[in-house]
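Place chain B on chain A using the hints.
Number of protein chains: 2
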Amino acid sequence: MAQDVVLGIDIGGTGIKFGLVTRNGEILHTDKVKTKGYPKPDPLPEDLKKRIAEPLKKLGAKVAGVGIGTPNGNYFDGTIDQAPNLPWKGLVPMKALFKKTFRKPVALTNDAKAAALGEMYFGAAQGCRNYLFITLGTGLGSGQVVNGKLIYGHDSLAGELGHVIVYRNGRLCGCGRKGCIEQYASATGIVKTYYELLRNKNVDSFRLSLGNMIDAEKICALALEEDEIALEAFSRTGWILGFHLANSVCYTRPEKIFLFGGLAQAGDLLFEPTIRSFEDNLMNIYQDKIEILPSGLKESEAAILGAASLIWGEMEDDS
Amino acid sequence: MAQDVVLGIDIGGTGIKFGLVTRNGEILHTDKVKTKGYPKPDPLPEDLKKRIAEPLKKLGAKVAGVGIGTPNGNYFDGTIDQAPNLPWKGLVPMKALFKKTFRKPVALTNDAKAAALGEMYFGAAQGCRNYLFITLGTGLGSGQVVNGKLIYGHDSLAGELGHVIVYRNGRLCGCGRKGCIEQYASATGIVKTYYELLRNKNVDSFRLSLGNMIDAEKICALALEEDEIALEAFSRTGWILGFHLANSVCYTRPEKIFLFGGLAQAGDLLFEPTIRSFEDNLMNIYQDKIEILPSGLKESEAAILGAASLIWGEMEDDS
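Chains A and B, in that order, are what the protein sequence lines are.
Counting in our numbering, the first sequence runs from 78 upward without gaps.
Counting in our numbering, the second sequence runs from 78 upward without gaps.
Among the clues, some could well be false.
Copies of the same chain are indistinguishable here, so a pair counts whether it falls within one copy or spans any two.
Said to hold, decoys possible - Keeping only pairs whose Cα atoms sit at most 27 Å apart, straight-line, the calculated DSS-like set for lysine-lysine is:
| # | residue 1 | residue 2 |
| --- | --- | --- |
| 1 | Lys226 | Lys333 |
| 2 | Lys366 | Lys255 |
| 3 | Lys181 | Lys255 |
| 4 | Lys366 | Lys109 |
| 5 | Lys366 | Lys226 |
| 6 | Lys166 | Lys366 |
| 7 | Lys94 | Lys109 |
| 8 | Lys177 | Lys127 |
| 9 | Lys269 | Lys126 |
| 10 | Lys375 | Lys111 |
| 11 | Lys255 | Lys111 |
| 12 | Lys333 | Lys127 |
| 13 | Lys94 | Lys113 |
| 14 | Lys94 | Lys135 |
Simulated from the structure, these hints should not be mistaken for laboratory data.
All values reported here derive from a predicted model rather than from experimental measurement.
Looking at chain A on its own, in the form it has when it is part of the complex (with noise of 0.2 Å):
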């Protein structure tokens, strides 16, 4: 008998990346295609599909159902709403289009949300009901699981933990306001933050003239060289974010918090002071009783782990 596989597919600005993936999270076959092949989705499922003929053939397996993580997914609708960096304008009904070409279940939510799920069944969070996974790449994205289910909300837009307003009349953020966290907690943020540093501490021009180059894996790198400035914006970063996990947790009460994404790869510069500002500011009903830990997921693997695991979890939700 053929074996079930779910078809994993991460929708991106750059790429669309998708694997096959069984139950126990294994993934047999990965391969991807260019977003801008595809100046509208309507061909993308046939495309797809043909693209894993062979591999499914060889493998001995069938598609079992198809889960798609992208930006602004609604899990309800099925549909893309304006997601600024992909081509598409107005509201792709993206579910529809996949069921139509492969009569199977298919569930979309959106990237964060997925990855959030791949934890569950695939990471770290494997046997934990009450969590909340936070990714720090661009911006600040999350999920957050109450008693084993995510919280979508009223109309799948619950979770935008990265536009809670941290401080008023802050940097400008994407969504049109200020002070969002995801402006100072986000590889995109520390960055922002290094070049404050920079300019207030009135450092020799040497460095400012390489401003142009510095990332978040750079100011990383610089903080292993204990760059001062460098160091100090880590400090910083993790001060506000312990500070937002902090209030966040009044909220759901997770048990515990995963941190995923770029940022999150600076480990113990990061971590560290993170886990100090939390329990500084944390309600002391909650001191010393949730733990912030890293991701379970492979940077490489999460997104399409997390989409299918949509699939795999509504399967056992049905059974």
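Leaving out everything else, chain B in the frame of chain A:
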């Protein structure tokens, strides 16, 4: 056949109120005892049972279950843990005590969560599956309902929305930290704001001398007489509450927000600046989509109805 009623109990610092509640939210009988009459909690269940025996007989009703709302109530454990305003120290196994006496389903939770459930069963949230319930009394209490269920989190201590820090190094809070929203947006908070304004604006000593007698109700009366400082106090309180609610919806994306409790009775004086600030501070994806409304529960009945709905709710889940 005897009619089923739930014994709803509201445990407070001064009194323990209780009532017999039908499935339709009718309160057929109420009574109360003094909290200080119970230096130990053990005799309480037997006493209440005796007190309702006669009324039950007259009504031709029998007790189908007991719901208890209490400060620091833990839904999972059925205990009351170190409630500062109650005479009982340590961990009180209140649910177990009542179960022993009544031999019927017993459920216990904290008072704000119970009232939030009451809103769903008997108030303005009927039919609404995602909402935020905020009580503005001595402190700021809350219940968050997502997909028709209260959020309890890992240990039943989710939903401490009153202890989100909105001003770093702000007013000292009862929790030992500084700047918690409940020190600003509550009956206590508006009094503090009023005093601050009096001091800063250097008004005549006459009103300062009245200081000790000012409470939220008095500020409301002054504001209705167009008193400038009282109006300013409401405006500031509404602003910070609206800001806090705008941040809060990023977590659970409610369809509606209900305001309950003494300060919410001020009506437009509070709602108008709150709603204005809420919309001003809201992320664009939520704008004009979330209503802030007064609770549909009567102040005098909410606690008992809320406690009773714990049991009616559990019975529906089981059926």
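These are the hints, each one checked on the structure:
no. : hint            : verdict
1   : Lys226 x Lys333 : both (15 Å within a copy, 21 Å between copies)
2   : Lys366 x Lys255 : between (32 Å within a copy, 21 Å between copies)
3   : Lys181 x Lys255 : neither (43 Å within a copy, 53 Å between copies)
4   : Lys366 x Lys109 : neither (42 Å within a copy, 38 Å between copies)
5   : Lys366 x Lys226 : both (21 Å within a copy, 24 Å between copies)
6   : Lys166 x Lys366 : between (45 Å within a copy, 22 Å between copies)
7   : Lys94 x Lys109  : within (4 Å within a copy, 65 Å between copies)
8   : Lys177 x Lys127 : within (14 Å within a copy, 65 Å between copies)
9   : Lys269 x Lys126 : neither (42 Å within a copy, 65 Å between copies)
10  : Lys375 x Lys111 : within (22 Å within a copy, 59 Å between copies)
11  : Lys255 x Lys111 : neither (33 Å within a copy, 51 Å between copies)
12  : Lys333 x Lys127 : neither (41 Å within a copy, 46 Å between copies)
13  : Lys94 x Lys113  : within (13 Å within a copy, 66 Å between copies)
14  : Lys94 x Lys135  : within (20 Å within a copy, 71 Å between copies)
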